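Visitor: These are the residues of each chain, in order.
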Amino acid sequence: MELFNNLVLGFTTAGAPWNLFFCFVGVILGTLIGVLPGIGATATIAMLLPITFQLEPVSSLIMLAGIYYGAQYGGSTTAILINMPGESSSAVTAIDGYQMARKGRAGAALAIAAIGSFFAGTVSTILVAVFAPPLTAVALKFGSAEYFSLMIVGLVSSIALAHGSVVKALGMVVLGLLLGLVGTDIYTGTPRFNLGILELSDGLNFVAVAVGVFGIAEILRNLENEHDRDVMIKKVTNLWPTKQDWKEMTAPILRGTAIGSALGILPGGGAILASFASYTVEKRMSKTPQEFGKGAVAGVAGPESANNAGAQTSFIPMLTLGIPANPVMALMIGAMIIQGIVPGPNVATEQPALFWGIIASMWIGNLMLILLNLPLIGLWVKLLTIPYYMLFPAIIAFCSIGVYSVNSNVFDLYAVAFFGLIGYVLAKLRCEPAPLLLGFVLGPLLEEHLRRAMIMSRGDATTFVTRPISLTLLLLAAAVLVVVLLPSIRKKRDEVFVED
Amino acid sequence: MKSLSFSSRDIVCGLLFILVGLFFAMQAYGLELGTAFRMGPGYFPFVLAGILILLGIIVIIQGTQIEHEPMGPIAWRGMLFILPAPIFFGLTVRGLGFVPSLFLTALIAAFASTKMRPGMALLLVGGLTIFSVVVFSYALGLPFRRFGPWLGQ
Numbered sequence: 001m002e003l004f005n006n007l008v009l010g011f012t013t014a015g016a017p018w019n020l021f022f023c024f025v026g027v028i029l030g031t032l033i034g035v036l037p038g039i040g041a042t043a044t045i046a047m048l049l050p051i052t053f054q055l056e057p058v059s060s061l062i063m064l065a066g067i068y069y070g071a072q073y074g075g076s077t078t079a080i081l082i083n084m085p086g087e088s089s090s091a092v093t094a095i096d097g098y099q100m101a102r103k104g105r106a107g108a109a110l111a112i113a114a115i116g117s118f119f120a121g122t123v124s125t126i127l128v129a130v131f132a133p134p135l136t137a138v139a140l141k142f143g144s145a146e147y148f149s150l151m152i153v154g155l156v157s158s159i160a161l162a163h164g165s166v167v168k169a170l171g172m173v174v175l176g177l178l179l180g181l182v183g184t185d186i187y188t189g190t191p192r193f194n195l196g197i198l199e200l201s202d203g204l205n206f207v208a209v210a211v212g213v214f215g216i217a218e219i220l221r222n223l224e225n226e227h228d229r230d231v232m233i234k235k236v237t238n239l240w241p242t243k244q245d246w247k248e249m250t251a252p253i254l255r256g257t258a259i260g261s262a263l264g265i266l267p268g269g270g271a272i273l274a275s276f277a278s279y280t281v282e283k284r285m286s287k288t289p290q291e292f293g294k295g296a297v298a299g300v301a302g303p304e305s306a307n308n309a310g311a312q313t314s315f316i317p318m319l320t321l322g323i324p325a326n327p328v329m330a331l332m333i334g335a336m337i338i339q340g341i342v343p344g345p346n347v348a349t350e351q352p353a354l355f356w357g358i359i360a361s362m363w364i365g366n367l368m369l370i371l372l373n374l375p376l377i378g379l380w381v382k383l384l385t386i387p388y389y390m391l392f393p394a395i396i397a398f399c400s401i402g403v404y405s406v407n408s409n410v411f412d413l414y415a416v417a418f419f420g421l422i423g424y425v426l427a428k429l430r431c432e433p434a435p436l437l438l439g440f441v442l443g444p445l446l447e448e449h450l451r452r453a454m455i456m457s458r459g460d461a462t463t464f465v466t467r468p469i470s471l472t473l474l475l476l477a478a479a480v481l482v483v484v485l486l487p488s489i490r491k492k493r494d495e496v497f498v499e500d
Numbered sequence: 001m002k003s004l005s006f007s008s009r010d011i012v013c014g015l016l017f018i019l020v021g022l023f024f025a026m027q028a029y030g031l032e033l034g035t036a037f038r039m040g041p042g043y044f045p046f047v048l049a050g051i052l053i054l055l056g057i058i059v060i061i062q063g064t065q066i067e068h069e070p071m072g073p074i075a076w077r078g079m080l081f082i083l084p085a086p087i088f089f090g091l092t093v094r095g096l097g098f099v100p101s102l103f104l105t106a107l108i109a110a111f112a113s114t115k116m117r118p119g120m121a122l123l124l125v126g127g128l129t130i131f132s133v134v135v136f137s138y139a140l141g142l143p144f145r146r147f148g149p150w151l152g153q
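In order, the protein sequences belong to chains A and B.
Under our numbering, the residue at position 34 of the first sequence is numbered 34, and the numbers go up by one with no gaps.
Under our numbering, the residue at position 62 of the second sequence is numbered 62, and the numbers go up by one with no gaps.
Honestly, the hints are just simulated from the structure, not real lab data.
Just so we're clear, the structure is a prediction, and the values are computed from it rather than from any experiment.
One thing to keep in mind: the hints can contain errors.
To be verified - Taking lysine-lysine and the DSS-like style, the derived pairs with C-alpha atoms no more than 27 Å apart in a straight line are:
1) A:283 to A:141
2) B:115 to A:428
3) A:103 to A:141
4) A:103 to A:243
5) B:115 to A:382
With the hints as extra help, turn the sequences into a complete structure.
Guide: The following block contains the structure:
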């Protein structure tokens, strides 16, 4: 009954009034930014990261996690009401959700999304609780070769999830890895790539890079052509799904939860992939595939469950291995490091209250979301209409404050402007920022483990394929790469990504 | 018609990859490369830079195969006002102090939008500054000087 004891510990930690409060703040903030145009979870967490230093580690991570899944939730609200996915993982929801809204069934669509998300959240919280400890045990056996191969899987998956050209996404990963190496070589202390700038000798500040390529570049893109959002649904009524809806949504929610939980574990950002995969599956299994795109209940229920399940289980690689599955997880790892916690397999044994507290808070957060957001839907609809030009000065101000307060270093603010420009140029060239950021975080780790593995094997590169776990991981990476490069799947992938 | 058609987007992207790759390759070559057994500080970046150059070449080749497509509008006004804003904050936060520096930073940024009216901007930025001072400085206790030495404080 160790699982039971662990969960009790988790719920007592997460249920403490102070932590409940931060969980609440997190999910509200998350929903808010999911609903507001032009600001995503990554930029928000990057902005708020420094503020969390003042809090206890558990409270700060609970709040950051709340922002993350709250944003998924808010993102689906905008997808349904105005056909504009607030987060990329709710892009699929917009297809059928918006059609339902146009037919006057916005309330039902929102409720179906909420119920699906909550169910998926509950199941995947249990999955995280069940699978995290054995995975931690496996992770403790990991040597440098395994870590290296695991990171390769993560980087390759992030390529699979990027829009557009695979070659460009690969380029972004490599560029990110190189930027991650700027600073000082850890083995010899040799300064490198710092252009003689003293502030660069500790490397580029991760928060500055993240705020630049996600926050600032995103604002520039939104300013290209400003237009007001049309909200045709002024009032949402009839929240409760009909009997027919319940019948139609049950199976898709179950399947979506399964797909999402499985794909979320993959490093690289499972939530987006999961929602697309679920939509495809539902369309294929449906007796009425022609209904898809015209407001099919299954087209909302499946993907919404899948992306929420994926968002939750993407905590597994972060909590057990210290490997980020997506940029948000990378920021959470950053938060842990600054709090003095080394992410990795030791967290579960050394900080059980933190580890289980985060897991339990996910379920509590999901419960808060469903209890608060359906009644509050009127408020969110009002917020949808805030014009963008009133928002971005605040985003710039909070970004500046946030980045500056990390190290009280003004150089980081110049880096924000620089990476904002870089991010915008790359966006114009159709290069995705997510693989770049993942590469940036993993760069130093990847090099460290590569070098250590090579020293351990006395320069024998076959060490990566003779060790079974490492070989399995590399084969997995190769399989993912082959799959994205296959012409038929590429076509499908392009079609899917055209939707958003 | 099989005329010379290429995507300028891809050509620029490929060239960018190659240039950045060359920069890192040259820098890395100046460091100790070492051997595969005992890698020096330049080994891994040198390999990565080589891969980036190769990817740049592939992007350019692919770019010559597809139709040209327009770049779309470029946010010149946005760049003009948004990018200097954090830099301005960096330059003045210590001298002017948190309150005036933040006010001016947000004010600069506000004019990135063509829809912003001066009165509106002052109102918005004023409210934003008050909010930020209350939340960040008083409630969260971030160690900022509210008014700096340049103002004779």
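Visitor: Please go over all the hints and tell whether each is borne out by the structure.
Guide: Evaluated hints:
1. A:283 to A:141: violated, 42 Å
2. B:115 to A:428: holds, 23 Å
3. A:103 to A:141: violated, 55 Å
4. A:103 to A:243: holds, 18 Å
5. B:115 to A:382: Given that 27 Å is the threshold and the Cα spacing comes to 20 Å, the pair holds.
Checked against the numbered hints given earlier, the structure breaks hints 1, 3 and satisfies all the rest.
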